[in-house]
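Full structure from sequences and hints, please.
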Amino acid sequence: MLTEEEKHEIEEEFKLYPYKSAAAIEALKVVQKHRRWVSDESIKDIAQLLGITPDELDSVATFYNLIYRKPVGRNVIHICNSVSCWVMGYESVLKHLIDHLGITYGQTSSDGRFTLLPVQCLGTCDHAPALMINGDLYRDLTPDIINSILEKYQ
Amino acid sequence: MAKTAKITVDGKTYEVDATKNLLEVCLSLKLDLPYFCWHPAMGSVGACRQCAVKKFRDENDKVGKLFMACMEPIVDGMIISIQDAEAKEFRKGVIEWLMTNHPHDCPVCDEGGECHLQDMTVMTGHDYRRYRFKKRTYKNQYLGPFINHEMNRCIQCYRCVRYYRDYAGGKDFDVFGVHNTVYFGRHEDGVLENEFSGNLVEVCPTGVFTDKTLGKHYTRKWDQTYAPSICVHCSVGCNTIAAERYGLLRRVQSRYNGEVNGYFLCDRGRFGYEFVNSPKRIRKPLRKNKETRQFEELGSEDALKYIRKLLSDSKRIIGIGSARASLESNFTLLSFVEKQNFYWGESDRNIQLIQKQYDILRNGPARTPSLRDIEKCDVVIVLGEDLTNTAPMIALALRQSVRQEPVQSATPYRIPHWQDQAVRELTQDEKGPIFIATPLATRLDEISETYRAAADDIARLGFMVANSFSDRSPLVSGATDEQKKLSGKISEALKKAKRPLIIAGPSLQSEAVIEAAANIANAMITSGKTCELCFTVPEVNSMGMAMMDITHQGIESAFEALKNKPADTLIILENDLYRRAEEQAVDSFLGKFKNVIVLDYLENSTSLKADAVLSSGSFAESDGTFVNNEGRAQRFYQVYDAGENIKESWRWLRDIMLNSGLHEFGKWKILSDFTNALSKAMPVFDGINNITPPPGFRIAGEKIPREPFRYSGRTAMFANKSVHEPKPPEDIDSPLSFTMEGYRGKPPSSIIPFFWSPGWNSQQAINKYQIEIGGALHGGDPGKRLIEPKSGKTPAFFTKIPQAFSPRNGDWFVVPVYHIFGSEELSVNAPGINELTPKPYVMISSEDAGSLGLTSEKQIELEAQGKTYSLPAKLNLGLPKGLIGIPKGLPGMPEIKTGSWVRLKMG
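Heads up: the protein sequence lines correspond to chains A and B, in order.
Per our numbering, residue 1 is the first one in the first sequence, and the count goes up by one each step.
Per our numbering, residue 155 is the first one in the second sequence, and the count goes up by one each step.
Derived from the structure by calculation, the hints contain no laboratory data.
Treat the hints with care, as some may be off.
Claimed, not checked - Computed from the model, here is a short list of chain B residues facing chain A with C-beta under 8 Å:
| # | residue |
| --- | --- |
| 1 | Asp-320 |
| 2 | Lys-325 |
| 3 | Gly-331 |
| 4 | His-341 |
| 5 | Asp-343 |
| 6 | Val-345 |
| 7 | Lys-650 |
| 8 | Phe-951 |
| 9 | Asp-965 |
| 10 | Val-968 |
| 11 | Tyr-1023 |
Stated by the list, open to error - Label pairs and their computed distance ranges (CB to CB):
| # | chain 1 | residue 1 | chain 2 | residue 2 | range |
| --- | --- | --- | --- | --- | --- |
| 12 | A | Gly-51 | B | Thr-335 | 22 to 30 Å |
| 13 | A | Leu-16 | B | Thr-335 | 46 to 54 Å |
| 14 | A | Gly-51 | B | Glu-1017 | 56 to 64 Å |
| 15 | B | Pro-992 | A | Leu-16 | 26 to 34 Å |
| 16 | A | Asp-111 | B | Leu-1006 | 38 to 46 Å |
| 17 | A | Gly-51 | B | Asp-215 | 48 to 56 Å |
| 18 | B | Arg-290 | A | Asp-111 | 43 to 51 Å |
| 19 | B | Gly-279 | A | Asp-111 | 51 to 59 Å |
| 20 | A | Asp-111 | B | Thr-254 | 52 to 60 Å |
| 21 | B | Ala-239 | A | Lys-33 | 52 to 60 Å |
| 22 | A | Leu-16 | B | Gln-1019 | 54 to 62 Å |
What the hints assert, rightly or not - Below, computed lysine-lysine pairings styled on DSSO-like, alpha-carbon distance capped at 30 Å:
| # | chain 1 | residue 1 | chain 2 | residue 2 |
| --- | --- | --- | --- | --- |
| 23 | B | Lys-746 | B | Lys-1021 |
| 24 | B | Lys-643 | A | Lys-70 |
| 25 | B | Lys-288 | B | Lys-209 |
| 26 | A | Lys-20 | B | Lys-1021 |
| 27 | B | Lys-325 | B | Lys-993 |
| 28 | B | Lys-209 | A | Lys-70 |
| 29 | B | Lys-643 | A | Lys-20 |
| 30 | B | Lys-1028 | A | Lys-44 |
| 31 | B | Lys-643 | A | Lys-33 |
Ideal placement from N, C-alpha and C gives every residue a C-beta, glycine not left out.
Okay, structure coming up:
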């Protein structure tokens, strides 16, 4: 069940689009803002509000890796794995993260502190490799500066 | 061809259709060019990059550039190369990528041996795997009783989702995820809701979606015996391929007919076949023991002797025919019992309605469209029919007709209509005008403007539209504002239409609805416009029965006639009378005969009452001819020889006649003798003998084989019975052989047992059988249209307008509810269909339920025809006040007459 607040916020988004279904991404973001992820049940509730099928909405939801379809940790790390970051050696940063946190893509650390996810480009190729934690961008990464960055997120 | 162009392919110049894309043109030229994402019914999206060819600027350009053939419009003077080394290398590379995650599980895959992916991999020459990493794997979903899901095999061509959503209008299936973990399926496990889901099996180029019913009794494509057949589960007459091994029917596939079903079938048609393997099959003649009242099995000779005994002291024999039996079987029974004793085993009411429809089509002026024609109509009015449930493939065709008008908007932008993605981006959700007037909500409502009303009001709406085109169609007085507004809107749409179509049928048991439909067509044509008129009919051969020279008297007439003139023997042909009339009436009718002889293939309430039962062949063991709702005569052939105890009904009846001393029928030996005699006796069927080649037809002295040449195990498959290989059965009725021996080339279009071409093992081999991709088969699409409107004099308009429906206090007016899965007699015996069949119920409008204090699933007592039935209630939102929905034909559901009044008692 969506809360009244969520419903209200989603309905506000409807005003910006010619069709309700066009607000699908915004609606997913509203629910994620309140719940930190989007459950199967929420998919059905949102779909009903948008007048589309859960299949249609889930197709959109699963396309975007910034929409979380599984519960995530307190902090979400998005590491860029696209071409520029690959050329600039993001793999050593990734390896450090995996070793240090003991989790790989799609997993959450057992203390619930971090979730690790890949992302396709953060728009900062000139400072590759890059990653983003909870919306904060970090660039020109090397494995040795990672731990001090992670310290900021408890 | 509209516009032609000259193009050069690998140094050879061809004249081609300039409105098509390069891939279609190459395939039409029968050149082998691999592809995945393109499908002739769905246009191009250029997703898979498999159909790359080299295109050269001019003769001097020796380098050229790679282009995707499916995305290239034809330009006059175009020079391309398929064989170019770089193009070949590119295509090989594309397959290699597509195959990186493919599990290579062909030996355990049901698609193996008829897999487009296998064919294309071999065609491109990719034969060595270099990818050494982990493959991505998926969990599969439960998708219902028809379709098996195996996502690991997916190559992401997107055909399934384009077919299911864009073509068939399904909404509970989609694509999930992104880049290399794309997933095709449902949001969660569950039965696929779309009634045309089975086509995924043929649309998917590999083994992601396979036929679950085939999987339960699996046999490789090359090990099956095939025959060209006709679907028996509704009146549309889709062409099918039926397949057998070891005496078990294995599956049904679509048999391409450019004028009828094209590439597709509905799920009832594809999966209903399993009734043939039902435990209720009558596989041997039966005689009822007079003392024990139990059936005893007989050999066919003994059965005929027994029936001779029954007939020898008969003074008068009554015959009851059937619209699910072939023309030949009905005609043979008619010849035996003679016209005055032959009754069409259908209710008198239905016969009147079907007969009226036939007369309207025969007298014109409107022409009856083929299924393909329906797809091309741009404005459609449906009066009274829930097509998804009464004639499913017409519903699928209407999903294409609503695209006709929007697609035109691509022309000014110079977007070719085959550019599917671009056209869909441009047209978004736009739909052409379609209006549906029915008492209950239908599946097509989402693409149409609807009108919910009782039959009389639907007819009145129709008459209002007719009157707006011609004063000769009567004026409707006392119309409601809703009717005025809607009829005005319909008339406006019809005036603008390039190719309008009216669809009606007998479901609501209303003459007025049919007459209103006829008046609209008549009025439009007499006012100088065009209009086509399509009628559905209840069963596969209902139209054929209407065309026969018989008395057109039904069951009730037979009951009545017996009172005046007694008879002692009754022969019932492939008909369960308990589905046609009230139980008591049938009981008393059957009780009046000394001998009741039934010819049928499934045990039913009627066959249980018989004194003798002859084991007739189902469509899979019989040859014959059906006439579909369009008036198209089509032939079906037996798939396999079921032994001497199962024969076509016409052959049993001929044997009975010979046994009874009617020696003149000895000259009826093979199918064509019966068909010839029929068309001689009834000129309306003139020419039906020629819709397939005669039994003596040979190519290079050879018959057409029912089996692929790789058919295995023939010498050993019956070794459990005898180590001596039996002589293959002979087919005296057709130019088809029961073995793999015979002519290996393409057979005439009407007798194609299966589609296969060297290098093309999948159904996509159809390309090689068509003159032009997506067009007619070589030699013309099979079947013969028997109804063409008379030209010249315009028939009179119908003048009787019914009164508006008025609800009665305390009484409810019965409207029928048809179910694609459940309402049809035969398919309901297929386990998969049975699983999806609803339990008996009554349907009441939510509004009425509210005032009665009724909730869903609550038992209510229904008084009808002097009896009380207790049934659970289903509530329905749109059903107009005063109407009650009664499901038709469901197992266990009493037959309650459409158009009668019933009473309710609360439990």
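Now the hints, each set against the structure:
1. Violation of the interface hint for Asp-320 (chain B) is found here, the shortest Cβ-Cβ separation to chain A being roughly 13 Å, above the 8 Å cut-off.
2. Because the closest C-beta pair between Lys-325 (chain B) and chain A is about 4 Å apart, less than 8 Å, the hint holds.
3. A hinted interface residue such as Gly-331 (chain B) counts as satisfied when its beta carbon comes closer than 8 Å to some beta carbon of chain A; here the least separation is about 5 Å, so the hint holds.
4. The beta carbon of His-341 (chain B) is positioned within 8 Å of a beta carbon in chain A (closest approach about 4 Å), and the interface hint is therefore held.
5. Violation of the interface hint for Asp-343 (chain B) is found here, the shortest Cβ-Cβ separation to chain A being roughly 12 Å, above the 8 Å cut-off.
6. Annotation: Val-345 (chain B) was flagged as interfacial toward chain A, and the flag is violated, the nearest CB pair being 13 Å apart, outside 8 Å.
7. The beta carbon of Lys-650 (chain B) comes no nearer than 25 Å to any beta carbon in chain A, farther than 8 Å, and the hint placing it at the interface is violated.
8. Annotation: Phe-951 (chain B) was flagged as interfacial toward chain A, and the flag is violated, the nearest CB pair being 43 Å apart, outside 8 Å.
9. Below 8 Å, beta-carbon pairs count as interface contacts, and Asp-965 (chain B) has none with chain A, the closest being about 37 Å; its hint is therefore violated.
10. The restraint placing Val-968 (chain B) at the interface with chain A is violated, with a minimum CB-CB distance near 33 Å, outside the 8 Å limit.
11. At a threshold of 8 Å, the smallest CB-CB gap from Tyr-1023 (chain B) to chain A is about 36 Å, leaving the interface hint violated.
12. The supplied range of 22 to 30 Å is met by Gly-51 (chain A) and Thr-335 (chain B), whose beta-carbon atoms lie about 28 Å from each other.
13. Range check, Leu-16 (chain A) to Thr-335 (chain B): Cβ separation about 31 Å, and the 46 to 54 Å hint is violated.
14. Taken as a hint, the range 56 to 64 Å is violated for the pair Gly-51 (chain A) and Glu-1017 (chain B), whose Cβ atoms sit roughly 41 Å apart.
15. Distance hint for Pro-992 (chain B) and Leu-16 (chain A): a CB-CB separation of about 42 Å, inconsistent with the stated range 26 to 34 Å.
16. Look at Asp-111 (chain A) against Leu-1006 (chain B): about 60 Å separates their beta carbons, and that is not inside 38 to 46 Å.
17. Between Gly-51 (chain A) and Asp-215 (chain B) the beta carbon distance is about 53 Å. The supplied range of 48 to 56 Å therefore holds.
18. The given range of 43 to 51 Å is broken by Arg-290 (chain B) and Asp-111 (chain A), whose C-beta atoms sit roughly 29 Å from each other.
19. The beta-carbon spacing between Gly-279 (chain B) and Asp-111 (chain A), approximately 54 Å, falls within the hinted interval of 51 to 59 Å.
20. Restraint check, Asp-111 (chain A) to Thr-254 (chain B): a C-beta distance of roughly 37 Å breaks the suggested window 52 to 60 Å.
21. With their beta carbons about 56 Å apart, Ala-239 (chain B) and Lys-33 (chain A) fall inside the hinted range of 52 to 60 Å.
22. For Leu-16 (chain A) paired with Gln-1019 (chain B), a C-beta distance near 58 Å keeps the hint of 54 to 62 Å intact.
23. The suggested pairing of Lys-746 (chain B) with Lys-1021 (chain B) holds, with an alpha-carbon distance near 23 Å, which does not exceed 30 Å.
24. Between Lys-643 (chain B) and Lys-70 (chain A) the alpha-carbon distance is near 50 Å, which puts this suggested pair outside the 30 Å criterion.
25. Note on Lys-288 (chain B) and Lys-209 (chain B): the hinted pairing is violated, with a Cα-Cα distance of about 37 Å set against a maximum of 30 Å.
26. With a C-alpha separation of about 50 Å, the suggested pairing of Lys-20 (chain A) with Lys-1021 (chain B) is violated against the 30 Å cut-off.
27. Of the supplied pair hints, the one linking Lys-325 (chain B) and Lys-993 (chain B) holds, its CA atoms being roughly 25 Å apart against a limit of 30 Å.
28. The suggested pairing of Lys-209 (chain B) with Lys-70 (chain A) is violated, with an alpha-carbon distance near 48 Å, which exceeds 30 Å.
29. A threshold of 30 Å between alpha carbons decides the hint, and for Lys-643 (chain B) with Lys-20 (chain A) the separation of about 27 Å falls inside it, so the pair holds.
30. Distance hint between Lys-1028 (chain B) and Lys-44 (chain A) is fulfilled; the C-alpha atoms sit about 24 Å from each other, no more than 30 Å.
31. For the suggested pair Lys-643 (chain B) and Lys-33 (chain A), the alpha carbons sit about 46 Å apart, so the restraint of at most 30 Å is broken.
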